[in-house]
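Respectively, the protein sequence lines represent chains H and U. For what it's worth, our numbering labels the leading residue of the first sequence as 259, then goes sequentially. For what it's worth, our numbering labels the leading residue of the second sequence as 2, then goes sequentially.
Bear in mind the hints are in silico, worked out from the structure with no lab data behind them. Possibly wrong hints are sitting among the right ones.
[Said to hold, decoys possible] No farther apart than 25 Å at their CA atoms in a straight line, the calculated lysine-lysine pairs in the BS3-like style are these:
#1 U:Lys50 to H:Lys274
#2 H:Lys411 to H:Lys527
#3 U:Lys50 to H:Lys355
#4 H:Lys569 to H:Lys450
#5 U:Lys27 to H:Lys578
#6 H:Lys411 to H:Lys538
#7 H:Lys333 to U:Lys27
#8 H:Lys355 to U:Lys55
#9 H:Lys598 to H:Lys514
#10 U:Lys55 to H:Lys505
#11 H:Lys578 to H:Lys601
#12 H:Lys569 to U:Lys27
#13 U:Lys55 to H:Lys601
#14 U:Lys50 to H:Lys267
#15 H:Lys387 to U:Lys50
#16 U:Lys55 to U:Lys27
#17 H:Lys349 to U:Lys55
#18 H:Lys527 to H:Lys313
#19 H:Lys387 to H:Lys450
#20 H:Lys333 to H:Lys265
#21 H:Lys601 to H:Lys505
#22 H:Lys527 to H:Lys578
#23 U:Lys27 to H:Lys609
#24 U:Lys27 to H:Lys425
#25 H:Lys598 to H:Lys538
#26 H:Lys527 to H:Lys507
#27 H:Lys527 to H:Lys505
#28 U:Lys50 to H:Lys609
#29 H:Lys274 to H:Lys313
#30 H:Lys426 to H:Lys527
#31 H:Lys349 to H:Lys450
#32 H:Lys609 to H:Lys598
#33 H:Lys411 to H:Lys514
#34 U:Lys55 to H:Lys333
#35 H:Lys387 to H:Lys333
#36 H:Lys426 to U:Lys55
[What the hints assert, rightly or not] So the derived label-pair ranges between C-beta atoms look like this:
#37 H:Ser545 to U:Ser45: 20 to 30 Å
#38 U:Ser45 to H:Ser453: 45 to 55 Å
#39 U:Thr39 to H:Glu585: 39 to 49 Å
#40 U:Thr39 to H:His501: 26 to 36 Å
Quick reminder that beta carbons are idealized off the backbone N, C-alpha and C, glycines included.
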Amino acid sequence: MPGWHAKTKDLAQAGKLQVLGITQEQHPDRTALFMQWQEMPWPVLLDSLNLLGCKGIPFTLLIDEHGIVRFQNPKDDDLETFLGSTFEPVKDAPEEKPWPARESPEGAVLWGGDDAIGSAVSQFEHRVKNNPSDGKAHFRLGVAYRKRYDSPKRQDGDFGKAIASWKKALEQDPSQYIWRRRIQQYGPRLDKPYSFYDWVHEARRAIVARGATPVALVAEPSGAEFARPGESAANASTAGEEHPDPKGKVPADTRKLVTVEATAVPSTKNASPAYRVHLKFSPNAFSEVHWTNDAGPLSFFPDAGDAYVIKHFQKSPVPKNALTSTETRHVEFELRPSEKNAKGAFPQALKGTAYYYVCEDVNGQCLFLRQPVTIPLE
Amino acid sequence: MKLPLRHLLLSMTALTSIATAAPSWKVGEPFPALSLPTISGDDSFGVAKFRGQKVMLHVFASW
């Protein structure tokens, strides 16, 4: 596509060709950052719900002055032919009304803002309940859940529900690569056909070097979305970290000063069970809980037993030059079947324990606490 | 507009996947009247906005 951009830049500037994009991504701001980096100024439309119904990307269409598709994946010669031709409209073709409707759940996801996502979720939930084999409805429900997860309206389990919905969609149509990619984006590294967002850091560096401000991202890509762990914001660490509580004496966080959301994203290949686990730790805003950074970092110890081995462990770095902070912290790692697991029996859940230093309120008590975490595995 | 080789290879990998996919439009037929928001969210339109002009449409993702 950047290749086409170089070839068509002058034609577009001369008004001979209108260039347009449709992105198949969940997050439009990531496409915007890509366009800014590549200095491609043409308009791009957001099709996060895959309403177009394409099963793979990228591809290019040439559409004539009457809205008729004339070429798919054109060669240079085809573009020349296309520009040199005058096309006739298709006779008796009824004019299709623009869709989707703003009042539909699709419209609510695309135009409704954060306040409308809840209603879109309920309507899609209703749709899949009435027709469990409607793969498109499952996929769209997943997009709505993930959008709510990235918004201030987030509800417990939204990310896990998004993944489960996309899995159900894919069961209906395993050849749907756009749906498959949406799971793989967050899934285990061995399942990835290619890196997803390794380009983000390079893009930001290049944009800053040009003296511009990079487009801000609503959701920073998770560690799963990078092929090279060094490119993600998190530290790869842990193995070898000393267990802070071998005798189990650290008090449990019974008041939930920190809330945890645990999501295990399965591999889209069914051959052997593998997961990318995403843990999100949020200090309870209601009682003004904050991390005490000078005391130590958050740590997490998964108990994989003999069934799994842990790979690619990463966690958010502690903010520099801040004694206290309230940011959400992430831990990510992958589960692979262990060679010791000869029987091939896999537990339905993984248990682990998180340890963290927090204080309640501005002058409140500071505590070192543990929180047992159960991560459901499908 | 120089892109790393891996981008090129990746695009080629993705292209092979559409060979098996049934498209939701056909050459010789109107492109769907899909109207969508722009990625910046400040406008909404479809291909019909450019009636009377020749259009090159890229369907893609930044990954």
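Right, here's what the structure says about each hint:
Restraint check for Lys50 (chain U) and Lys274 (chain H): the C-alpha separation of about 15 Å stays at or below 25 Å, so the hint holds. A hinted pair counts as satisfied when its Cα atoms are at most 25 Å apart, and Lys411 (chain H) with Lys527 (chain H) does not qualify at roughly 32 Å. Between Lys50 (chain U) and Lys355 (chain H), the direct Cα distance comes to roughly 13 Å. Compliance with the 25 Å bound is thereby established for this hinted pair. Between Lys569 (chain H) and Lys450 (chain H) the CA atoms are separated by roughly 15 Å; this keeps the pair inside 25 Å, and the hint holds.
The straight-line distance between the Cα atoms of Lys27 (chain U) and Lys578 (chain H) is roughly 55 Å, outside the 25 Å bound, and the hint therefore fails. Annotation: proposed proximity of Lys411 (chain H) to Lys538 (chain H) holds, straight-line Cα distance about 16 Å (limit 25 Å). As the CA atoms of Lys333 (chain H) and Lys27 (chain U) are separated by approximately 18 Å, the hinted pair is consistent with the 25 Å bound. For the suggested pair Lys355 (chain H) and Lys55 (chain U), the alpha carbons sit about 21 Å apart, so the restraint of at most 25 Å is met.
For the given pair, Lys598 (chain H) sits about 36 Å from Lys514 (chain H) by alpha-carbon distance, which is inconsistent with the 25 Å threshold. Restraint check for Lys55 (chain U) and Lys505 (chain H): the C-alpha separation of about 72 Å exceeds 25 Å, so the hint is violated. With a C-alpha separation of about 46 Å, the suggested pairing of Lys578 (chain H) with Lys601 (chain H) is violated against the 25 Å cut-off. Under the criterion of a C-alpha separation no larger than 25 Å, the hint pairing Lys569 (chain H) with Lys27 (chain U) is inconsistent with the structure, at around 45 Å.
About 62 Å separates the Cα atoms of Lys55 (chain U) and Lys601 (chain H), which puts this hinted pair outside 25 Å; it is violated. Of the supplied pair hints, the one linking Lys50 (chain U) and Lys267 (chain H) holds, its CA atoms being roughly 20 Å apart against a limit of 25 Å. Our distance criterion of 25 Å between C-alpha atoms is broken by Lys387 (chain H) and Lys50 (chain U), whose separation comes to about 37 Å. Distance restraint check for Lys55 (chain U) and Lys27 (chain U): the Cα-Cα separation of roughly 17 Å lies within the 25 Å cut-off, and the hinted pair is therefore satisfied.
Taken as a hint, the Lys349 (chain H) and Lys55 (chain U) pair is honoured in the structure, with Cα atoms around 19 Å apart against an allowance of 25 Å. This hinted pair checks out: Lys527 (chain H) and Lys313 (chain H) have alpha carbons roughly 18 Å apart, not beyond 25 Å. Distance restraint check for Lys387 (chain H) and Lys450 (chain H): the Cα-Cα separation of roughly 31 Å exceeds the 25 Å cut-off, and the hinted pair is therefore not satisfied. This hinted pair checks out: Lys333 (chain H) and Lys265 (chain H) have alpha carbons roughly 12 Å apart, not beyond 25 Å.
Annotation: proposed proximity of Lys601 (chain H) to Lys505 (chain H) is violated, straight-line Cα distance about 31 Å (limit 25 Å). For the suggested pair Lys527 (chain H) and Lys578 (chain H), the alpha carbons sit about 40 Å apart, so the restraint of at most 25 Å is broken. A threshold of 25 Å between alpha carbons decides the hint, and for Lys27 (chain U) with Lys609 (chain H) the separation of about 51 Å lies outside it, so the pair is violated. Annotation: proposed proximity of Lys27 (chain U) to Lys425 (chain H) is violated, straight-line Cα distance about 29 Å (limit 25 Å).
Under the criterion of a C-alpha separation no larger than 25 Å, the hint pairing Lys598 (chain H) with Lys538 (chain H) is inconsistent with the structure, at around 30 Å. Under the criterion of a C-alpha separation no larger than 25 Å, the hint pairing Lys527 (chain H) with Lys507 (chain H) is inconsistent with the structure, at around 41 Å. With a CA separation close to 39 Å, the supplied pair Lys527 (chain H) and Lys505 (chain H) exceeds the 25 Å bound. As the CA atoms of Lys50 (chain U) and Lys609 (chain H) are separated by approximately 54 Å, the hinted pair breaks the 25 Å bound.
Proximity of Lys274 (chain H) to Lys313 (chain H) is assessed by CA-CA distance (about 30 Å); at most 25 Å being required, the pair is judged violated. Restraint check: the Cα-Cα separation between Lys426 (chain H) and Lys527 (chain H) comes to about 14 Å, which is no more than 25 Å; the hinted pair holds. With a C-alpha separation of about 46 Å, the suggested pairing of Lys349 (chain H) with Lys450 (chain H) is violated against the 25 Å cut-off. For the hint pairing Lys609 (chain H) with Lys598 (chain H), the CA-to-CA distance comes to about 18 Å; that is within 25 Å, so the pair holds.
Distance hint between Lys411 (chain H) and Lys514 (chain H) is fulfilled; the C-alpha atoms sit about 20 Å from each other, no more than 25 Å. With a CA separation close to 16 Å, the supplied pair Lys55 (chain U) and Lys333 (chain H) stays within the 25 Å bound. Annotation: proposed proximity of Lys387 (chain H) to Lys333 (chain H) is violated, straight-line Cα distance about 45 Å (limit 25 Å). A C-alpha spacing of about 39 Å is found between Lys426 (chain H) and Lys55 (chain U), which places the hinted pair above 25 Å, so the restraint is violated.
For Ser545 (chain H) and Ser45 (chain U), the hinted distance range of 20 to 30 Å is not satisfied, since their beta carbons lie about 42 Å from each other. The supplied range of 45 to 55 Å is broken by Ser45 (chain U) and Ser453 (chain H), whose beta-carbon atoms lie about 31 Å from each other. Between Thr39 (chain U) and Glu585 (chain H) the Cβ separation comes to about 31 Å, which falls outside the hinted range of 39 to 49 Å. With their beta carbons about 51 Å apart, Thr39 (chain U) and His501 (chain H) fall outside the hinted range of 26 to 36 Å.
When the structure is compared with the earlier hints, violations turn up for hints 2, 5, 9, 10, 11, 12, 13, 15, 19, 21, 22, 23, 24, 25, 26, 27, 28, 29, 31, 35, 36, 37, 38, 39, 40 and for no others.
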